[in-house]
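Asks: Each chain, written out:
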Amino acid sequence: MSVTITISDAVKRYGDLTIIPGLSATIKNGEFFTLLGPSGCGKTTLLRMIAGFASVEGGEIKFGEKVINNLPAHKRNIGMVFQNYAIFPHLTVRKNVEYGLKLRKIAKPDIKRRTDEILDVVKITEYQDRSPDRLSGGQQQRVALARAIVILPSVLLMDEPLSNLDAKLRIEMRGAIRDIQKKVGITTVYVTHDQEEALAISDRIAVMYEGVIQQLGTPESIYTRPYNIFVSTFIGHSNLMTGKLTPSHKGYKLSLADGCEMEMDNLIPDIPEGEVLVSVRPEEFTVCETGGINFQVDEKVFLGKYVIYNLSCQSMPELEAQLSQDVGQSERIYSPGETIMLKPNVQKINLFNKDTETSLIQGVVQHSGPEEDETSNEGVE
Amino acid sequence: MTRPKRIKFDFWFFVLVVSIGLVLLFLVYPLWSLLITGFQDQQTGDLTLSNFDRFFNTPFFFRMFRNSMFVSTTATLFGALIGVTLAYLTTAFKIRGKKIIDVLIIISMLSPPFLGSYSWILMFGRAGFVVQFFQNNFGISIPPIFGAGGIVLVMTLSSFPLIYLFTRGALKKVDASIIEAAESLGCRPIKKAFTIIFPLITPTILAAGLLGFMDAFTDFGTPLLIGQGYMVMPLLVFNTFMGDLAGNRNFGAAVAVIMVVITTILFALQKYIVNRKSYAMSSLRPIQPDKLKPMPNFFAHGFVYLITAIACIPQLVVITTSFRATRGPIFVEGFSLDSYRGTFRTLGTAIRNTYVYGIYAIVIILALALLFSYLTVRRRNPLTNVLDTITMLPFVIPGSIVGIILILAFNTRPLLLIGTPTIMVLAFVIRRLPFTLRSSAAILQQISPSMEEAAISLGDTPMKAFFKVTAIMMIPGVVSGAILSWITIVNELSSTILLFTVRTRTMTVAIFQTIMNSNFGTAAALATILTSTTIVSLALFFKLTGKTDLSL
Numbered sequence: 001m002s003v004t005i006t007i008s009d010a011v012k013r014y015g016d017l018t019i020i021p022g023l024s025a026t027i028k029n030g031e032f033f034t035l036l037g038p039s040g041c042g043k044t045t046l047l048r049m050i051a052g053f054a055s056v057e058g059g060e061i062k063f064g065e066k067v068i069n070n071l072p073a074h075k076r077n078i079g080m081v082f083q084n085y086a087i088f089p090h091l092t093v094r095k096n097v098e099y100g101l102k103l104r105k106i107a108k109p110d111i112k113r114r115t116d117e118i119l120d121v122v123k124i125t126e127y128q129d130r131s132p133d134r135l136s137g138g139q140q141q142r143v144a145l146a147r148a149i150v151i152l153p154s155v156l157l158m159d160e161p162l163s164n165l166d167a168k169l170r171i172e173m174r175g176a177i178r179d180i181q182k183k184v185g186i187t188t189v190y191v192t193h194d195q196e197e198a199l200a201i202s203d204r205i206a207v208m209y210e211g212v213i214q215q216l217g218t219p220e221s222i223y224t225r226p227y228n229i230f231v232s233t234f235i236g237h238s239n240l241m242t243g244k245l246t247p248s249h250k251g252y253k254l255s256l257a258d259g260c261e262m263e264m265d266n267l268i269p270d271i272p273e274g275e276v277l278v279s280v281r282p283e284e285f286t287v288c289e290t291g292g293i294n295f296q297v298d299e300k301v302f303l304g305k306y307v308i309y310n311l312s313c314q315s316m317p318e319l320e321a322q323l324s325q326d327v328g329q330s331e332r333i334y335s336p337g338e339t340i341m342l343k344p345n346v347q348k349i350n351l352f353n354k355d356t357e358t359s360l361i362q363g364v365v366q367h368s369g370p371e372e373d374e375t376s377n378e379g380v381e
Numbered sequence: 382m383t384r385p386k387r388i389k390f391d392f393w394f395f396v397l398v399v400s401i402g403l404v405l406l407f408l409v410y411p412l413w414s415l416l417i418t419g420f421q422d423q424q425t426g427d428l429t430l431s432n433f434d435r436f437f438n439t440p441f442f443f444r445m446f447r448n449s450m451f452v453s454t455t456a457t458l459f460g461a462l463i464g465v466t467l468a469y470l471t472t473a474f475k476i477r478g479k480k481i482i483d484v485l486i487i488i489s490m491l492s493p494p495f496l497g498s499y500s501w502i503l504m505f506g507r508a509g510f511v512v513q514f515f516q517n518n519f520g521i522s523i524p525p526i527f528g529a530g531g532i533v534l535v536m537t538l539s540s541f542p543l544i545y546l547f548t549r550g551a552l553k554k555v556d557a558s559i560i561e562a563a564e565s566l567g568c569r570p571i572k573k574a575f576t577i578i579f580p581l582i583t584p585t586i587l588a589a590g591l592l593g594f595m596d597a598f599t600d601f602g603t604p605l606l607i608g609q610g611y612m613v614m615p616l617l618v619f620n621t622f623m624g625d626l627a628g629n630r631n632f633g634a635a636v637a638v639i640m641v642v643i644t645t646i647l648f649a650l651q652k653y654i655v656n657r658k659s660y661a662m663s664s665l666r667p668i669q670p671d672k673l674k675p676m677p678n679f680f681a682h683g684f685v686y687l688i689t690a691i692a693c694i695p696q697l698v699v700i701t702t703s704f705r706a707t708r709g710p711i712f713v714e715g716f717s718l719d720s721y722r723g724t725f726r727t728l729g730t731a732i733r734n735t736y737v738y739g740i741y742a743i744v745i746i747l748a749l750a751l752l753f754s755y756l757t758v759r760r761r762n763p764l765t766n767v768l769d770t771i772t773m774l775p776f777v778i779p780g781s782i783v784g785i786i787l788i789l790a791f792n793t794r795p796l797l798l799i800g801t802p803t804i805m806v807l808a809f810v811i812r813r814l815p816f817t818l819r820s821s822a823a824i825l826q827q828i829s830p831s832m833e834e835a836a837i838s839l840g841d842t843p844m845k846a847f848f849k850v851t852a853i854m855m856i857p858g859v860v861s862g863a864i865l866s867w868i869t870i871v872n873e874l875s876s877t878i879l880l881f882t883v884r885t886r887t888m889t890v891a892i893f894q895t896i897m898n899s900n901f902g903t904a905a906a907l908a909t910i911l912t913s914t915t916i917v918s919l920a921l922f923f924k925l926t927g928k929t930d931l932s933l
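Residue numbers (this note's numbering), protein chains in the order written: chain A, 1 to 381; chain B, 382 to 933.
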C-alpha cells in the first residue's frame with residue numbers, strides 16, 4: 001500500500017559534478033507532492049532517484065521504514081508516468097494496463113476485474129482494444145496513468161506528464177489526475193516546471209533551484225509568503241524594489257520611493273536599520289490619492305476578468321512594474337499615458353534581507369512539514 | 382510530398398524521357414529477354430512451360446531447390462540468433478572496444494562471401510593447415526568442412542553482420558523510458574528483454590532476416606567453393622551459363638526466373654513488414670548501456686569477442702597467407718612478398734580495371750541518382766512513378782542473374798556489348814543504382830523545395846536552380862552513400878563473374894579464378910589488396926560523414 005517517503009541528505013553526483021548536494025524532505029502518505037523548478041534544477045533527477053533509475057550517491061531514501069537506496073527499480077513497487085507516456089507500442093491499451101498485473105502473478109479473474117475498474121476510472125474503456133498509435137495525446141496520458149496505478153504501487157511518480165498536451169487538455173487532465181489521485185489515495189511525487197499547474201494540483205510544493213529545495217510548503221504559503229527572492233520571482237510576478245527599514249513604535253517603518261511610507265508589524269524582531277528588498281505582487285497595489293508611489297501607464301492588456309498594466313516609475317527607472325486590476329472591483333480602467341499613484345498593501349507584501357535574500361516576515365519558514373500544513377491542505381484548489 | 386501534376390514539357394521532361402529510355406533498354410529489355418528465354422523451347426524456340434516442368438518434376442533438380450531452401454534458412458536462423466544476441470549485448474551493456482568490434486564486423490560483412498569460403502578451406506579443407514596441425518601433432522583427423530555444413534557456416538558468418546547492424550539500428554530507436562516503464566511496473570531485467578525489447582524489434586529482425594535470406598539464397602560463390610558437389614539453385618543457373626553443364630540456356634533462364642519470383646516475394650514481404658508492421662518509434666533518450674556483474678560480464682564479453690574473432694578469421698588468414706613464401710603455387714617455409722610480386726606481374730590489369738570501372742560506375746550512378754531522385758521526389762507524375770518502380774527492379778534480381786540477363790540481351794548486333802568494359806560498368810551500375818537512388822531520394826525529401834523556388838524567383842532557370850542549389854545541397858549525403866556503393870562495387874563478383882574476359886576482369890574475378898586454379902598465394906595477395914581498398918574507403922566514409930558506425 002501507499003507509503004511515506006523520507007529523503008535524508010540525498011546526494012546526486014555525476015563524476016565531479018554535484019547535481020544535488022544533500023536534500024531532505026518527507027512526503028507524507030497519500031500526499032500530492034510536487035517538485036517545481038526551472039529546467040536543470042534537479043527535480044527530474046530527484047524523481048529518478050526515488051524511482052530507482054538514478055543512483056543515490058549519499059544519504060538515504062526510505063519508503064516507510066525501508067531504505068531503498070540500492071533496491072533495483074523493478075522491486076520498488078512504484079507506478080511511474082513518463083513525460084512521453086512510454087506506452088508499449090506493440091501492446092493494445094488493455095494489454096498495456098494488464099502488463100504490471102501479469103508480472104505480479106495475479107489470478108486471471110482478478111486481472112480482468114482490476115483492469116476493467118481502472119479503465120473505467122480513467123475513462124478509456126471504449127479504447128481498450130486499440131493499438132496505442134491510434135490514440136490522442138490525452139488518451140495516451142490516461143493509459144499511462146491507468147497502467148501506473150492499477151498495480152497499486154507504494155508511490156506514484158509523474159515526470160512532467162502534461163507537458164506534451166495542448167493548453168485546454170492540460171487543464172482537463174490535471175483535474176482528472178488530481179481526482180484519481182485522491183480517489184486512490186496514493187502518495188504521489190509530481191515533477192513540473194509549470195507553476196500554475198503546480199499551484200493547482202498539489203498538496204505541497206517543493207520549489208527547487210540548483211539541486212536545493214528553496215522552499216517547501218502549501219501552494220498558498222509559497223505564493224503569498226515566499227521564503228526568498230528566488231521563490232518570490234519564480235512563482236508569479238513580483239515587483240521588486242528597494243526600501244529603507246527603520247525601527248518605530250509599532251515595529252518598523254518602511255520607506256519606499258516618492259516618500260511612500262508604511263508601518264510594518266509582521267516582521268521578525270531585531271532587524272538592523274538599513275535597506276531591504278520589497279516584493280509587491282501586481283494585485284497587491286491599491287490606487288490612492290496621496291502617500292503612494294507615482295507610476296505611468298505604458299501598456300494595457302485587457303484579459304476580461306483582469307486588466308494587466310505595464311508601468312514605469314520615474315524614481316525607480318529600472319523597475320518594470322506590473323499592476324493587475326480586478327475588473328469587477330475597480331472604478332475605472334486606465335489608458336496608456338495616464339499617471340496613477342499606487343500604494344502597496346502592507347499586510348500582503350514581502351520583505352527580504354538584502355544580503356541573504358531571505359524573508360523578514362514573521363513565521364515564514366523554508367521547510368514546512370506536513371504536520372503544520374494539515375489544516376491548510378483543504379480548499380487549496 | 383507533392384501531388385501528381387500535369388506533365389510539363391521542359392528540361393525535366395527531357396531528362397525523364399531519356400531516363401525512361403535508359404531503364405527500358407538496360408533493365409526492362411534484359412529482364413524481358415530472360416523471361417522469354419525461360420519460356421522458350423530449346424530446340425524449336427516455341428513458347429512452352431516445359432523448362433519449369435522439368436525443374437519441378439525432376440527429383441535431381443528439385444532437390445537443389447530443397448537444398449537451397451535448407452542452407453539459406455538454416456544460415457539465416459543462425460545468423461539471426463548471433464546477430465540479435467550481439468546487438469542486444471552491445472546495446473544494453475557496456476562492452477569494451479565496441480567501436481572496433483563494429484568496424485571489424487562491417488569489414489567482414491563487406492568482403493565477398495567466397496573469400497570466407499576460401500579461407501575456411503585454407504584452414505579446414507582437406508589439406509587445411511588446422512586439419513594438418515591436428516593430424517600431425519595429435520593424430521586427430523578433423524573431417525573437412527565441405528558440403529552443406531560448410532555452406533551454412535560461411536553463409537551464417539556473412540548474414541549475421543547484416544542482421545546485427547539492422548537490429549542495432551532498431552535498438553537505438555527504442556526510448557529508454559519504455560524500458561523504465563516496464564521496470565517501474567516490476568519487470569525483471571531478463572523478462573523485460575523478452576516482453577518489451579524483442580517484441581518491439583521483431584519486425585526489424587524479420588525484415589533483416591529476409592534480406593539475409595535473399596543474400597544466402599542467391600549466393601553461388603560459397604556453394605561453388607565449399608559445397609563440393611552439394612548443389613543449390615544459383616549453382617545450377619551458373620553452370621548452365623558457364624560451367625560444365627553449359628548448353629541449355631532456356632532451362633537455366635527458367636531456373637533464374639523461379640529465383641527472381643522467390644526473391645520478389647521475399648522483397649515484397651520485407652517491404653510489407655517494414656512499412657506496416659514496424660512500430661513508429663522515436664528515441665529522445667536512447668537506452669544507456671548498463672554495467673554487468675562480473676560473471677555475466679565475462680560471458681557477454683566472451684561471446685562478443687568470440688563472434689568478432691570468428692568473423693575476422695577469414696580476413697586474417699587471407700592476409701597472413703598473402704605474405705607466405707611460395708614456390709610457384711606451392712607454399713614453403715617463411716614469409717615473403719612473392720605473392721604480391723606475382724600478383725602485380727600477372728594481375729595488374731585486374732587491379733586497374735577494378736578501379737577504373739568502379740570509378741566510371743560511381744560517376745554514372747551519382748549522376749543518375751541525382752536526376753532520378755529529383756524526378757521521382759519533386760516531379761511526381763504517372764511517368765515518374767513508372768520510373769520509380771522500374772528502378773526498384775534490381776533489388777529483386779540476384780547478382781548472378783543480372784549477369785545472365787545482360788548476356789541474353791546484349792550478345793548480338795547491334796547491341797553487342799559482351800566482352801566489353803561497358804558491360805562490366807553496366808553490371809555495376811545496375812547492381813548499385815537502386816541503393817544510391819533510395820538514399821538520395823531520402824536526402825532530397827529533407828531539403829525544402831522553397832530553396833530552389835527562391836533561386837528561380839531570383840531569375841535562375843529550373844535547370845540552373847537544380848544544379849546550383851538542390852544538387853549542391855544533396856551532394857554530401859549522396860557522396861557518403863556513393864562511397865558505400867563503391868565498396869560493394871569493388872567487392873562485386875556475382876554479376877561480373879559471368880561477364881568478364883581476360884582483358885576486362887576485375888580483382889574479385891581474378892581472385893576467384895586464381896582460387897579455382899589453386900594458386901592460393903596470388904589469390905591471397907589480391908584479396909588483401911581488395912580488403913585494404915575496402916578499409917581505406919570505409920575510413921574515408923567515416924571521416925566524411927563524421928559517423929562512428931554504419932546504421933542501416
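For the record, the hints were derived by calculation from the structure and aren't laboratory data. From a predicted model like this one, the values you see are computed outputs, not experimental measurements. Just so it is clear, CB atoms sit at the ideal spot from N, CA and C, and this is done for glycine as well. Among these hints, one or two may not hold up.
[Unchecked claim] Computed beta-carbon distance windows for the label pairs:
#, chain 1, residue 1, chain 2, residue 2, range
1, A, V11, B, F776, 40 to 50 Å
2, B, I837, A, G40, 51 to 61 Å
3, A, N70, B, F680, 19 to 29 Å
4, A, G64, B, S829, 51 to 61 Å
5, A, G185, B, S831, 30 to 40 Å
[Claimed, not checked] Some chain B residues well away from chain A (every beta-carbon gap over 10 Å; in silico):
#, residue
6, F395
7, W413
8, I559
9, A562
10, S565
11, R569
12, K572
13, I577
14, T583
15, Y660
16, T689
17, F704
18, Y721
Asks: Each hint should be assessed against the structure and marked as holding or not.
Replies: Now the hints, each set against the structure:
A hinted range of 40 to 50 Å for the beta carbons of V11 (chain A) and F776 (chain B) is inconsistent with their spacing of about 56 Å. Checked against the hint of 51 to 61 Å, the pair I837 (chain B) and G40 (chain A) fails, with Cβ atoms roughly 45 Å apart. A hinted range of 19 to 29 Å for the beta carbons of N70 (chain A) and F680 (chain B) is consistent with their spacing of about 24 Å. Taking 51 to 61 Å as the suggested C-beta distance range, the pair G64 (chain A) and S829 (chain B) conforms, at roughly 57 Å.
Judged by the Cβ atoms, the range 30 to 40 Å given for G185 (chain A) and S831 (chain B) is violated: they are separated by roughly 56 Å. Taking the minimum C-beta to C-beta distance to chain A, about 43 Å, the non-interface status of F395 (chain B) holds against the 10 Å cut. The Cβ of W413 (chain B) lies farther than 10 Å from every Cβ of chain A, with a closest approach of about 42 Å, so its non-interface assignment holds. A cut-off of 10 Å between C-beta atoms contradicts the statement that I559 (chain B) is not in contact with chain A; the least separation is 5 Å.
Not every CB of chain A is more than 10 Å from the CB of A562 (chain B) (nearest about 4 Å), against its label as outside the interface. Listed as a non-interface residue, S565 (chain B) fails to keep its Cβ farther than 10 Å from every Cβ of chain A; the least gap is roughly 4 Å. Under the 10 Å C-beta cut-off, the non-interface status given to R569 (chain B) relative to chain A is violated; the minimum distance is some 6 Å. In this structure K572 (chain B) is not separated from chain A by more than 10 Å, as the shortest Cβ-Cβ distance comes to only about 7 Å.
Non-interface status of I577 (chain B) relative to chain A is broken: a Cβ of that chain comes within 10 Å, the nearest being about 6 Å off. Under the 10 Å C-beta cut-off, the non-interface status given to T583 (chain B) relative to chain A is violated; the minimum distance is some 8 Å. Distance to chain A contradicts Y660 (chain B) as a non-interface residue, since its nearest Cβ pair spans about 4 Å, not more than 10 Å. Every CB of chain A lies more than 10 Å from the CB of T689 (chain B), the least distance being 30 Å, so the non-interface label holds.
With a minimum CB-CB distance of about 46 Å to chain A, F704 (chain B) clears the 10 Å threshold, and the non-interface call stands. Separation of Y721 (chain B) from chain A is adequate, the least Cβ-Cβ distance of about 50 Å exceeding the 10 Å criterion.
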